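Top line first, the protein sequences correspond to chains D and Y.
Residue 111 is where the first sequence starts when you use our numbering, and the numbers rise one by one after that.
Residue 4 is where the second sequence starts when you use our numbering, and the numbers rise one by one after that.
No false leads were mixed into what you were given.
Result set (EDC-like, lysine to aspartate or glutamate): computed pairs, CA atoms no more than 16 Å apart in a straight line:
#, chain 1, residue 1, chain 2, residue 2
1, D, Lys668, D, Asp602
2, D, Lys170, D, Glu214
3, D, Lys209, D, Asp151
4, D, Lys119, Y, Glu302
5, D, Lys574, D, Asp406
6, D, Lys295, Y, Glu302
Keep in mind that the hints were calculated from the coordinates and are not lab data.
Note that the coordinates shown come from a computational prediction; the quantities given were computed from them, not determined experimentally.
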Amino acid sequence: MQVMSNQYKLSARNIALRTVVEYPPRGRIFDRNHKLLVYNDAVYDLLVIPRQVKVIDTLKFCRLLQIDKAFFKQQMADAKHYSYYKPSVFLKQLSKKDKGPIEEILYEFPGFYFQRRMLRHYPHPIAAHLLGSVGEVNPGDLRNDPFYSQGDYIGKTGIEQYYEKELRGQKGSRIVEVDVHNNVKGSFQNGRFDTLAVPGADLTLSLSAKLQAYGEKLMQNKKGSIVAIDPGSGEILAMVSSPSYDPNLLVGRQRSKNYLMLLHDSLNPLINRAISGLYPPGSTFKLVDALIALQDGVITKNTPFTCQGTASKPIACSHDHVSPLKLERAIALSCNSYFWKTFQRIIDNPAFSNTHLAYEDWYNKVMTFGFGQAFKTDIPFEKKGSIPTRRYYDKLYHGSWNALTVRSLSIGQGEILATPVQMANLAAIIANQGFYISPHFLVKMSGDDSLSERYKKIHKINIKAAYFKIARRSMQKVFDEDDGTARFYKMDSISQAGKTGTVQNPHGKDHSIFMAFAPVDHPTIALAVIVENAGYGATWAAPIASLMIEKYLRGNIKRKRLEKRIMQGDLIHHLKHTKK
Amino acid sequence: MSRRGNIIGELDWITLVLYILLVTYGWLSIYSATSGEQATHLFDLSQRYGKQLLWIGMALVLAFAILIIDAKFFSTFAFAFYFLMLIVLVGVLLFGKTVAGSKSWFQMGSFALQPAEFAKFATALALAKYLSRLNVDLRLLKNKLAAIVILAVPAVLILLQNDTGSALVYFAFVLVLFREGLSGLIIVVGVLMTALFITTVIWGEIYVSAAIILITAFGFLLNRKLRKNLMSVLGILILSVVFVSTVHYAFENILEPHQRVRIQVMLGLKKDIHGAGYNVNQAKIAIGSGGLNGKGYREGMLTRNHFVPEQSTDFIFCTVGEERGFIGSSVLILLFLALFIRIILLAERQRSPFSRIYGYGVASILFFHFTVNIAMTIGLAPVVGIPLPFFSYGGSSLWAFTVLLFIFIKQDANRLNVL
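With the rest of the complex left out, here is chain D (with noise of 0.2 Å):
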């Protein structure tokens, strides 16, 4: 008989029962120090059923909503094209203050009625690029995970994006049924299949609110970077990113037109420079090769090598300084001259058959200090920087090249690339004195605590602890010696160590760089700043980077007139200006 199938008792249900989606509340996102970084905020979207909608005063019912007569009457007609029986969003996203007065006296006009929505919302300004931002969904998205469905919204970009899984929670549903016009009769069999929602999990990040807040306000105004890790257990304490913006603007009504906005903002303040930037290392690269060079006994502390200043070949140096110099007093001046030879050395080591041998062993030990490679952590869209292969040279030079073809490698140019994170790992490496976390952003997840386990291995660096003292101790010169590059941003009260570095670039002006951590003894922080188009690493990176330590240590700024010339520096306007 063709009335016994089962395919019947499915229609009946298509029919006849709909499932009413309970929607959980986003997760919560907390600072370090439980200061609340991202929670909901409820809206309201007023619903319209035409069907129900009787004759009404349309005048009063426009001044109530502050709409005019041709926009309610565009809405209407939308929502009886849509369906006269199913509920149309008429008025998106009223904000509880709106919404009072107007469902005071909303009984007055049937078919109209508030549903709430839930909006996130920033108390602090500051983190835009990390934290991410949460839209709709796309056509993609649908196809991707049948968890959600037309409307829904979806972590887009940063943290939001990386933890959509455990912010979103679980949805719950309840199965109702309709009569034929789709009005809502009452649960199915008293409930019994409904489920309730599963709010999302609260984060727990390791960004310190306080000290990234204090690090945008340093870096307004200029193009870069700053990155702050806790060298002991890999956790970012501060990403900054400028220019940026406020991640309220990308929230509710004014979303797309915001992004659209920033979009096309010639600075490109949606690009998350700490990690998507990539920069030559410059400078702060000669303890990559001092260390390699110490490890493989090319070099000892005491070799002396001689620098001709300007008219060094085969490359310069800028810094005007006595010859010879050893090792430690060549990374507090970085003279160039010393980490060419440094290099060669490294390169041509007769421990080698041959150099492009010892090349691959140099580059395997870069390798190793998490150069060229992301971190696959809790980083969305992380970019590998570059450190260049032994085929890619092969290839580029037919084979045939040799330490001084590949010299500026040794001074942290040429084909090297790497991003802000992982220059401040590099500096939480000769922190730790060879090892490193990789730098992540969640300390704890409410409900799963095996999560942040993820991130506790130790990567180690196959290089002795003395040398790396001796880096270290090199680095405090850079701070402490009378001639040392940083040494106008000492502190007597907290020791510093510290790298700066100058980058060519051939789009303009230099980028000045700075790698530093503190207290040298136990360090807390380790950091990377790049200041682009800002000339001397020592003129603008390096402070901004000692300001970040003072901040982060002491609480309080004691260098006062130094905060002020870093706040007020305006590096942007006047760039614009020359492009012209």
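Given the coordinates of chain D, assemble chain Y onto it according to the supplied hints.
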């Protein structure tokens, strides 16, 4: 031999109990289909279940009245009833009210009556009266024609009201004529014509004509008897092909567009679940989702929430199917079958031809309604709007079927008084 005065003792209680069971089952289904969530009291006359209770009460009064009237009254005034009915049918054409495209209702205040329902028993009476005449022999062409005229006049009047379903009911009387001596050939011819019609609508006249010719040719080759009756076989063949070639014209020009679509939907030539096929599709889903045991009384999701149009009237079978499942539907069908068999058995024991013929008329009409209604509900027949006897909501049909049945019960109770 007179047992006069003891009507109670002579009543056929089996028929009576079946009648009461059917009406009760029907009312329970109507209550489920129309009460919704907030059922007030049973006699709420603003609700269909309340009204139906009133109609049932009045039907019982009518039934009682019929039982106490002299049995001869109906045979004596059979033609009077018939002609009165014809006048009413003409009257409804002139003064009637149009409901759902059919001009077949008399409106009196909030109360409407459908004369076509009552025309059935009047026609049954008239046919029985005519055929029971001693000098009437259905083998004679003259008598045949007279019987057909008795049936055709009310049928045509009802057809003019645009109530095709009720007019089709008059085909049911063929069964009566068959019992009274009409050649069985006519039924064979009818079945054949229907088969040809349907196959032609599905496959087109060329294929069907070719098939007829091929089958006949094979018959000739295999069967010697056929070869002997060459001329008559050829005649049938030619008539069949001519009939087939007119199907297309008849289908496109005689049938109304909505009838055409309903037939196409029934044959699966058209799938229009939002238009013409909507009702049947929803009905099938309701019945099909009931499964073996049904969803339980007043638990039908589609029934309670009014997804099947006309669910308390012509599509009442859905309610049974969805809420009582296969078992409940079977009970309904068995009750009807029991009633038909009982009526036929009673008809066969009548001494007077009038009672017997009338009995067959009652059985035929009920059987036709029952078959066509359930077939259309489950999509085996095109949708023609005729009610399920004793079940469907509506005063006119309930009263008409009650009168139809109880006249027969009265005749049966009186059978021993007939010499």
